[in-house]
Structures are given as C-alpha cells and as structure tokens.
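**Student:** Here are the chains, one letter per residue:
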Amino acid sequence: MGIDLVLDPAFLQSVPRFLTPILLAALGGAICERAGVFNIALEGFILVGAFCAVLGSYFMGSEWWGAVAAMAGGVGMGLLFAEFSLRRKGDAIVVSIALNLFAAGLTVYLLRTIFGVSGAFRDSGIKGFSGIDIPLLRDIPVLGPLLNGQSILFYFAVFAALALQLFFARHRLGLRLRAAGENPAGLSAGGVDPQRVQLWALVLCGALCGLAGAQLSIANVNLFVENMSAGRGWIAVVAVLLTRGRPLYVLFIAVLFGFVDSLSFRIQGFGLPQQFTDVMPYLATLIALIVLSAWHKSKTA
Amino acid sequence: MQVDLSGVTVRFGTLTAVDNVSLHFSPGEIHAVVGENGAGKSTVMNVLFGLIKPAVGTIAIDGAEMQWRNPQDAIARGLGMVHQHFMLQDSMSVLENIVLCSEPVSNLGFVKFNTARARLREIAETYGIGVNPEKRIADLSVTERQIVEILKVLYRDAALLILDEPTAVLTPQEAASLFQILRNFRASGKSIALITHKLDEVMEIADRVSVMRAGKLISTKPIGETSKAEIARGIIGGELPASLTRATQAVGEVVLAVDGLQARGVGKTVGPVSFDVRRGEIVGIAGISGNGQTQIIEALVGLRATTGGQASLLGHTLRGLDVGARRALGMSYIPADRQRVGLALEAKVSENAAIGREGTKAFRNWLFIKRAAMTSFARELIESYHIKVAGPNARTSSMSGGNKQKLIVGRELSRGTPLIIAENPTWGVDIGAIDFIHRELIRMRDAGHAILLVSTELDEVLALSDRILVLYENQIAGEFAAADADRLAIGELMTSRSKVVQVA
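Protein chains in written order, with the numbering used here: chain G, 1 to 301; chain F, 1001 to 1504.
Fair warning: there could be bad hints in the mix.
[As the list claims (entries may be wrong)] From the derived model, a few chain G residues whose C-beta atoms are all more than 10 Å from chain F: (1) Asp91; (2) Ala104; (3) Tyr109; (4) Gln165; (5) Leu173; (6) Arg176; (7) Leu187; (8) Leu241; (9) Gly269.
[Stated by the list, open to error] A partial selection of chain F residues facing chain G, derived with a Cβ cut-off under 10 Å: (10) Leu1051; (11) Gln1067; (12) Asn1070; (13) Pro1071; (14) Ala1076; (15) Met1081; (16) Gln1089; (17) Glu1096; (18) Glu1103; (19) Phe1110.
[What the hints assert, rightly or not] Straight-line C-alpha distance at most 30 Å; calculated BS3-like pairs for lysine-lysine: (20) Lys1388/F <-> Lys1361/F; (21) Lys1216/F <-> Lys1198/F; (22) Lys1361/F <-> Lys297/G; (23) Lys1228/F <-> Lys1388/F; (24) Lys1216/F <-> Lys1361/F; (25) Lys89/G <-> Lys1348/F; (26) Lys297/G <-> Lys1268/F; (27) Lys1216/F <-> Lys1348/F; (28) Lys89/G <-> Lys1053/F.
No wet-lab data here; the hints were simulated from the structure. Where is the CB? At the ideal position from N, CA and C, for every residue including glycine.
Required output: the full structure, derived from the provided sequences and hints.
**Tutor:** Okay, here's the thing in structure tokens:
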C-alpha cells in the first residue's frame, strides 16, 4: 500500500459515495446548530430518509420520486422533533434519543408490513440514481475519477455546502436562524417568533437528512437494509459540533471523514484486522478534535 | 403621533403588577416614567409594545384603538423600543443587527444590504449619529451598542421611542451625549418615553413626568409644575428618608485581620494587602472596578486560592478552610453578583432564604429538609426586610432586582455573624432599597458587628464607612478616617499611581 492505493481510480470513486450522506446530514445538522436547536437525531432522520427513498422509488418507479419521498420522510421527522422539542418543550437530547430509537423500530416494522421481508429489501423495481458522466471532468487526472460519474446527490451536496454559506450570510431566513441560535430574545423583541424560525431549521434539516438517506439506499446501492445509516448520522453530529455549524468547515470535515471511511474499507483488503480499520473514522474524529482545539487555543492565546 | 394608554391592568398570577394606569405620549415631547424597581414601569411599556397582553385596558394611536397581537404589530404602527438589556446579536455586524426582523429583501428572500446601508447613512445624516455598520457588536463599547439599539428603532421609522433605563450602563459623559440625541429626536417631532429611576436625568431632559408606585400611577405633571423632591416623595410614597446618621462609637476587638494577603488576579498578583476590621466599625474599600476588589473579597470568602499572606477571623486562621467552614466561623457575605453568586434564580424564595442553613437543626430532620420551617423562615424575612414578592413559594427570578438584593441582605444579616462582607450591596437597585440596605448595614455596625464594605460607588463608601481604604492597581493606595475623608483626595488616589501614599 502507498500512494498508488490512494490514486487507484476505484478508491477515488468510492470517496464521494462515503462522504455524500455525511455531508448532507451534517449540513442539515449545521442549520439546526446555528438556529440553536440541539438536534442529535440525524441518525434517525437519515434512516427514515433511506427507507422512504426505497419506498418512493419502488412504488412510483422513479429515483426522483424516491428522493422526494426521502425528503418528505426527513421533514416528517423534523416536524416530530419540532412538536416534542419546540411546542411541548421536551428536552432536545431526550427527544433526539427517542426519535433515533423510533426510526430504527419504525423502519424495521414497515419493512415487514409493506415489503414482507426482514433484514433487507432488494428488488429490481427499486430505481436508483446512476452516475453522471461529465465529459470535460472525466479527463482530468485524479480529480476526474474522484469527482466524475457520481450521483446527482453528490454534486447537490457540494453545491448545498456553498449555498448554505451564502444563505447564512445573506438570506433573511439565514440571518434569523443565526439570531435564533445566538440571542432569541432579540428576535422576539423585533416581533419574530424564534420558535417559527427553529421550525424552519428542522424542516430544512429533515429534507437534507432525507437526501442523505436517499444517497445510501438508492444511489450507493439499490436496496434497504435494517439500520443502514450505520452511525453516519453520529459522524455528521460530530462534524457539526466540531465546526459549530460553519458550512465550509462542514464540507472540509465531511471530505476528511469520507476519505478515511473509504480508506478504512479499502485497506481491509491488505490484511489489516477489520477491528482496526473500523476504528479509523473515529480515530480521524479524535485527531480532528485535537487539531481543532489546539488551533483554537493558538488563536485565542 | 399621539399614543394613549388607558386603564391598563396587568396581573401575574395573584400579583397585580399594573393597576389601572393611563399614560399619554405626545409628539415632540419627552415623557419620563419613574418609579422604583418593581413599580410596574417596564411592564406598562411591554404592554405598549405588544410584549404583554393587559387584562384590562386599551392602546390608541391618534385616537384609533389598537389590538397588538405581537410586537411586530406595534413596530408596524411606528413604536420602537430600546430595551434595558441589549437585544443584540454579538457575533453579527452592526448592519445585520439593524436589519434583523425588518430586512429589505429581494424576491428570493436575500437581504439587500446595500439598500440598508444607504438608509443608515440617511439616518446618520438626519440625526447626527452613526456607527460603522461593518463592525461586529462584540467589538463595540457599551455606548456604541446603545446607539445601535437606537439606530434599529430609527431604521424602522419609529414615531414613538420607548427607552427603558437607557443610561443604566453609561458613564455621565456618555449619558449626556445620549440626551443630546434625544433632544434632536424631540425637535424632529418624535414622541419619547423615557423609563428611568434617576431623578436628575428626569429634571434635565423630560417635558412631562409620570410617577408610578406599586403598580399604580401616582401623578402625571409637566416638569415645570413639579420638583425633584415632589417626584421622590411620589416614588417612595412618603417623605424622603432623612440622610443617614452614624453615631460615633468606640470600636472593639479585631474581628478580621488580613496580613500580606495575595491572590492571583487578572494577569497580575493582587496584593499584598494588610488591614483589619474591628467590632462596631464599617471599613469601606473604595476604588474603580477592576483594581483587585473582587480578588481580595473572593480570597477572604474562600472562593479563590490565596498565593501568599494570611487572614484570620476572631483569631482563627482562615487558611485551608472552605466557604462553609468560614461562614460557620462567623462570616456572612453579600456578593456583588446576585444573579449568579447570591441566588439560585430558578429556585423558590424559601429555598434561597434557607441557603447556608439547610444543615442546621432548625431546617433539617435527619436526611430531610423541613419545608415548613423553610417557608415560615422565608415569610419572616419577607416581612422584616419588606421584600415585595408573591410569597415564599414564588420563583426567585420573579422578583425585581431590588427585592432580590433585599432577600440576600436579609438572609445574610439575619445570621448575625461577627463579620459581614458586603460587595457592591446596592448595585442596580432603586433608591428605596438602597436606603433600606444602608440603614440595615449601619444598624448591624451599631450592634457591634464588623463590616467590610466594598463598593465602586464612592458616595456609598463615604456615606457608610468609619474608615476608608483606597484600592488602586491591586494595592492599597491610601487610608482615611471618615472624619478627614476628602472626596477629591480619594478620587485622585483611585486614578493615579503617582499619588500613592505608603501605609504602614
């Protein structure tokens, strides 16, 4: 193993597939973070999104309907979060844990009642997103195999990171979201209900997490597996907290995680024990934490 | 724009905060509303601004009755409020703060910052005030923040400006420039409602003054037809308290002895300081905030480690003792920060009243706290210290600042310890409460307790102390006996190193 491993087209191709769900979910989480909603239910949001994507794609016969259904599922979770956390003033951590457990149970239950299977549902009727071939990009070395031929959701995710940066800086709702997270009393005094703003944050977050789920179930593969989010929502939570919801940093962290995740998968083929390779994304998290906190210290000192 | 509040009544639970109050605000007039903390001034203004719905009463603008669903309605009709606590977003720029909630936007909802910038320039030219719109709030001084709050209101084209205690955080010079701005507004035909409890400000700038007490409107008069003394009588509901008198008395044994005490300060060591406080005297520590007062007090109370020297209470060294042990030895403490150090705001009044006593027999039954004892003790404190609150079971956060402070003063003084440490005991409380707290401290002194008073208000130190120590740059710069304490000399010591007097 060495540099040729990292430059291997197959490896490069896999990096965006790993990073897209993390990036989409983390951007959703970033919106909540900036709006002062402590949402650590991203895992559950993604899982419901992944299931709804398969549901939409299978019954409507189109991956686009799959994506719409995934967003709807994610938004539904967002609204549930809003109902319990905002309107009924439940503790955000308790609500998050409840929704994560709820999502796991609900998808398993629906898998059995709707598709009559347990464990996994695969069917040729599930239409998935295929890679988009971009002629000019294709021919650039390294970047070509890395960025070309990905699902539309990957390109959307990168666009969303940049757009979100602009949204926070220049958009009315972006401004209000930041105010809701920093000093909600200032919003109330100006006649804007901070809870309405936070509701919007949860809706946007739900839609993005839904798409993250769609990337898992109808872009990376064309099937739904129980608990297929497999901790990506938690990695996204870490990305959000590390960056305090700054979209460009989120993009950077998601790329880092996507890279390490995909690398850990890759080097299993080189005889390293799986227990070690499984640890890699979390090691990367820890290292990112240490580097970031050292950097913060040097800046404030 | 003529704004009329008629017959407004507001109730919080069983407490009637505002009782049948009518106020009228006319164009080109500064109308001051004065009263003690908790008199209902802020509540009335919150009604006017749509933040609180009154139980009874109406709001009319130019004769037409209004129904506010929320502040947005009031803002849309030309009302603007500058709140006592800044409602700003520290991490955002001045411009972002000003447009927030009234953003000029394009079709897609993006904020047209250039339009806002141009409008802000216009305002700056019209009224002669402005702040660099690109600066972050966190980098602004308190005055600049105040100006941002005012700009917010002007940006929304308010015809009635409500200012809630606008000078509370300003120095006299800053307040003077704020008043000049207010005069410009008056000249341009705006109505201004000024909530304050500083009577000198009222006399200086107001055209009309309304006095509130205990939720009721006592009087409304043009400033020319009233006097400072009359307003003060209205506020307190009786004659002005006679000025404080202190009989000279012989002091007793040393209660607190501080010898070469040092503590870690902000980037620098505080001290060494040496002094003592005897029975029957009030020793005042004067100085501008940030000259080591906090560290010395914390070191004495046990909240901060000392790095040198020592202190003893009634001959027992304080070294190695924690806060509880020091208090048990005979020390009470009225902290400067009542919100965070003095009280647990979310707890009940009775729970706060019992802090430091839960362990004693009267309040504890084996493992359990005696609720009934706590409640009746709190009721006693409420009565004997004239605390205005719904009852022992009310949330502490529901009390006004002055009443919170009275609760702390009551809790600490009623312990009757030989030593009482009072740190800015009247900071941010109204005149009635200030006078009450001062009298209580003097009563304790007369009864033979030793009192260490730290205050950044020189007048307070002068009024109460038998001896005055002046702190400058973490050292004691001089000592005065009350008889020959000279304002100017103390003021000079507080601000200049060159005049440092060596004290033995």
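**Student:** Now, for every hint given, state plainly whether the structure supports it.
**Tutor:** Okay, the hints, checked on the actual structure:
Distance to chain F confirms aspartate 91/G as a non-interface residue, since its nearest Cβ pair spans about 15 Å, more than 10 Å. Under the 10 Å C-beta cut-off, the non-interface status given to alanine 104/G relative to chain F holds; the minimum distance is some 35 Å. With a minimum CB-CB distance of about 39 Å to chain F, tyrosine 109/G clears the 10 Å threshold, and the non-interface call stands. No beta-carbon of chain F is positioned within 10 Å of the beta-carbon of glutamine 165/G; the least distance is around 13 Å.
The beta carbon of leucine 173/G is not kept farther than 10 Å from every beta carbon of chain F, the shortest such distance being approximately 6 Å. Annotated as non-interface, arginine 176/G brings its C-beta within 10 Å of a C-beta of chain F; the closest such distance is 7 Å. Distance to chain F contradicts leucine 187/G as a non-interface residue, since its nearest Cβ pair spans about 6 Å, not more than 10 Å. Every CB of chain F lies more than 10 Å from the CB of leucine 241/G, the least distance being 17 Å, so the non-interface label holds.
With 10 Å as the threshold on Cβ separation, the claim that glycine 269/G sits away from chain F holds: the shortest Cβ distance comes to roughly 47 Å. For the restraint placing leucine 1051/F at the interface with chain G, the shortest Cβ-Cβ distance is roughly 8 Å, inside the 10 Å limit, so the hint holds. With a least beta-carbon distance of about 15 Å to chain G, the hint placing glutamine 1067/F at the interface is violated under the 10 Å criterion. Proximity of asparagine 1070/F to chain G holds as hinted, the smallest CB-CB distance being about 5 Å (cut-off 10 Å).
The criterion of a C-beta within 10 Å of any C-beta in chain G is met by proline 1071/F, whose closest approach is roughly 4 Å, and the hint holds. Taking 10 Å as the C-beta contact cut-off toward chain G, the hint placing alanine 1076/F at the interface holds, the least distance being around 8 Å. At about 7 Å, the closest approach between the beta carbon of methionine 1081/F and any beta carbon in chain G falls short of 10 Å, and the interface hint on this residue holds. Using the Cβ-Cβ criterion of 10 Å, the hint placing glutamine 1089/F at the interface with chain G is satisfied: the shortest such distance is roughly 5 Å.
Taking 10 Å as the C-beta cut-off, the interface hint given for glutamate 1096/F holds, the closest approach to chain G being about 6 Å. Given hint, glutamate 1103/F at the interface with chain G, holds; its Cβ is 5 Å from that chain's nearest Cβ, closer than 10 Å. Satisfaction of the interface hint for phenylalanine 1110/F is found here, the shortest Cβ-Cβ separation to chain G being roughly 5 Å, below the 10 Å cut-off. A threshold of 30 Å between alpha carbons decides the hint, and for lysine 1388/F with lysine 1361/F the separation of about 28 Å falls inside it, so the pair holds.
With a CA separation close to 19 Å, the supplied pair lysine 1216/F and lysine 1198/F stays within the 30 Å bound. Under the criterion of a C-alpha separation no larger than 30 Å, the hint pairing lysine 1361/F with lysine 297/G is inconsistent with the structure, at around 49 Å. Our distance criterion of 30 Å between C-alpha atoms is met by lysine 1228/F and lysine 1388/F, whose separation comes to about 25 Å. Distance check on the hinted pair: lysine 1216/F and lysine 1361/F sit about 43 Å apart at the alpha-carbon level, beyond 30 Å; violated.
Annotation: proposed proximity of lysine 89/G to lysine 1348/F holds, straight-line Cα distance about 21 Å (limit 30 Å). A C-alpha spacing of about 21 Å is found between lysine 297/G and lysine 1268/F, which places the hinted pair at or below 30 Å, so the restraint holds. Annotation: proposed proximity of lysine 1216/F to lysine 1348/F holds, straight-line Cα distance about 27 Å (limit 30 Å). At most 30 Å may separate the alpha-carbon atoms for a hinted pair to count; lysine 89/G and lysine 1053/F meet this at roughly 22 Å.
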